[in-house]
Amino acid sequence: EPLRVRVRDVVQDFLEYATQSVTGRDGRSTDLWGSPRDWVAHPHGTVQVLSSSKDEDYMRRLYQSVDAVVIPSRGEGWGRPHMEAMAMGLPLIATNWSGTTAFMTDTNSYPLSIDGLVPVHRLFRLAGHQWAQPNVTHLRQLMRAVYTDQETAKAKGRRAQQDMRRYDIPKVEAQVEARLEA
Numbered sequence: 081e082p083l084r085v086r087v088r089d090v091v092q093d094f095l096e097y098a099t100q101s102v103t104g105r106d107g108r109s110t111d112l113w114g115s116p117r118d119w120v121a122h123p124h125g126t127v128q129v130l131s132s133s134k135d136e137d138y139m140r141r142l143y144q145s146v147d148a149v150v151i152p153s154r155g156e157g158w159g160r161p162h163m164e165a166m167a168m169g170l171p172l173i174a175t176n177w178s179g180t181t182a183f184m185t186d187t188n189s190y191p192l193s194i195d196g197l198v199p200v201h202r203l204f205r206l207a208g209h210q211w212a213q214p215n216v217t218h219l220r221q222l223m224r225a226v227y228t229d230q231e232t233a234k235a236k237g238r239r240a241q242q243d244m245r246r247y248d249i250p251k252v253e254a255q256v257e258a259r260l261e262a
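Numbered by our numbering, the letters in the sequence shown go through residues 81 to 262 in order.
Don't read these hints as lab results, they were simulated from the structure.
Glycine included, every Cβ here is placed at the ideal spot set by N, Cα and C.
One or more of the hints may lead you astray.
Unchecked claim - The calculated EDC-like cross-link candidates involving lysine to aspartate or glutamate, where the alpha carbons are at most 20 Å apart (straight line), are:
no.: 1; residue 1: K251; residue 2: E164
no.: 2; residue 1: K234; residue 2: E164
no.: 3; residue 1: K234; residue 2: E156
Unchecked claim - Between beta-carbon pairs, the in silico distance windows are:
no.: 4; residue 1: D135; residue 2: R238; range: 21 to 31 Å
no.: 5; residue 1: K134; residue 2: G179; range: 15 to 25 Å
no.: 6; residue 1: Q230; residue 2: L260; range: 39 to 49 Å
no.: 7; residue 1: T228; residue 2: E257; range: 20 to 30 Å
no.: 8; residue 1: V252; residue 2: R140; range: 13 to 23 Å
no.: 9; residue 1: Q213; residue 2: L260; range: 15 to 25 Å
no.: 10; residue 1: R220; residue 2: E261; range: 43 to 53 Å
no.: 11; residue 1: Q242; residue 2: S193; range: 37 to 47 Å
no.: 12; residue 1: V198; residue 2: Q221; range: 18 to 28 Å
no.: 13; residue 1: W158; residue 2: A262; range: 16 to 26 Å
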């Protein structure tokens, strides 16, 4: 039982770290996950760009209000919003790079191809690191596919929801404990 508590504490510590901002070389605070919040109007609906941490209730309501989730990021660690969207049964378009490749497949999501890797210049702590460069043409194609073939998109969402059951907290805790005890 003490091991279970420690594993949970490590996960909580990571989540708290992952939602913080960092200070760059120029002394300005930067949100780890993106640009300033913006709203983009489109004839077919509204796109909301999130750049700061949101509480669980906000995210649940957001997921319930959308038809698909699009995350064309340069890289992810764990990919929490990816897993949350998939667990909600939503079609997911996201960069096929980094930690999310452990659970995103062609059958449960829309992996977005990359044009290659680019150096990280913004944050001094990441000097020498590289990020993915999402392919914008492929992003357009995937978004169009989700919009024009909604039945396939919904089927991928249902498959994603089934696949995410492998990652519920008790199952992940058991896997971590087994590896630590081995």
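**Request:** Please test the hint of 43 to 53 Å on the beta carbon pair from R220 and E261.
**Result:** Because 48 Å falls inside the window, the suggested range holds.
Range hint 37 to 47 Å: satisfied by the CB atoms of Q242 and S193?
At 25 Å between Cβs, range violated.
task = Could you tell me whether the CB distance from D135 to R238 stays inside 21 to 31 Å?
result = 27 Å Cβ-Cβ, so the 21 to 31 Å window holds.
Holds or violated: the 39 to 49 Å window for the beta-carbon distance between Q230 and L260? Because 44 Å falls inside the window, the suggested range holds.
Q213 versus L260 beta-carbon gap, inside 15 to 25 Å or not: Cβ of Q213 to Cβ of L260: about 36 Å, so the range 15 to 25 Å is violated.
*Does the Cβ-Cβ separation between V198 and Q221 fall within 18 to 28 Å?*
Taking Cβ atoms as reference, V198 and Q221 lie about 21 Å apart, which means the hint holds.
Do K134 and G179 keep their Cβ atoms within the hinted range of 15 to 25 Å? Hint holds: Cβ distance 20 Å, inside 15 to 25 Å.
Range hint compliance [Cβ, W158 to A262, 16 to 26 Å] | holds (22 Å)
query: Given the hint that K234 pairs with E164, does the C-alpha gap stay at or below 20 Å?
result: holds (16 Å)
Against the range 13 to 23 Å, how does the distance between the Cβ atoms of V252 and R140 compare: consistent or not? holds (20 Å)
* Is K234 within 20 Å of E156, Cα to Cα? -> violated (24 Å)
For the pair supplied as a hint, K251 and E164, confirm whether the alpha-carbon distance does not exceed 20 Å.
-> Distance of about 16 Å is within 20 Å: holds.
The earlier numbered hints that this structure contradicts are 3, 7, 9 and 11.
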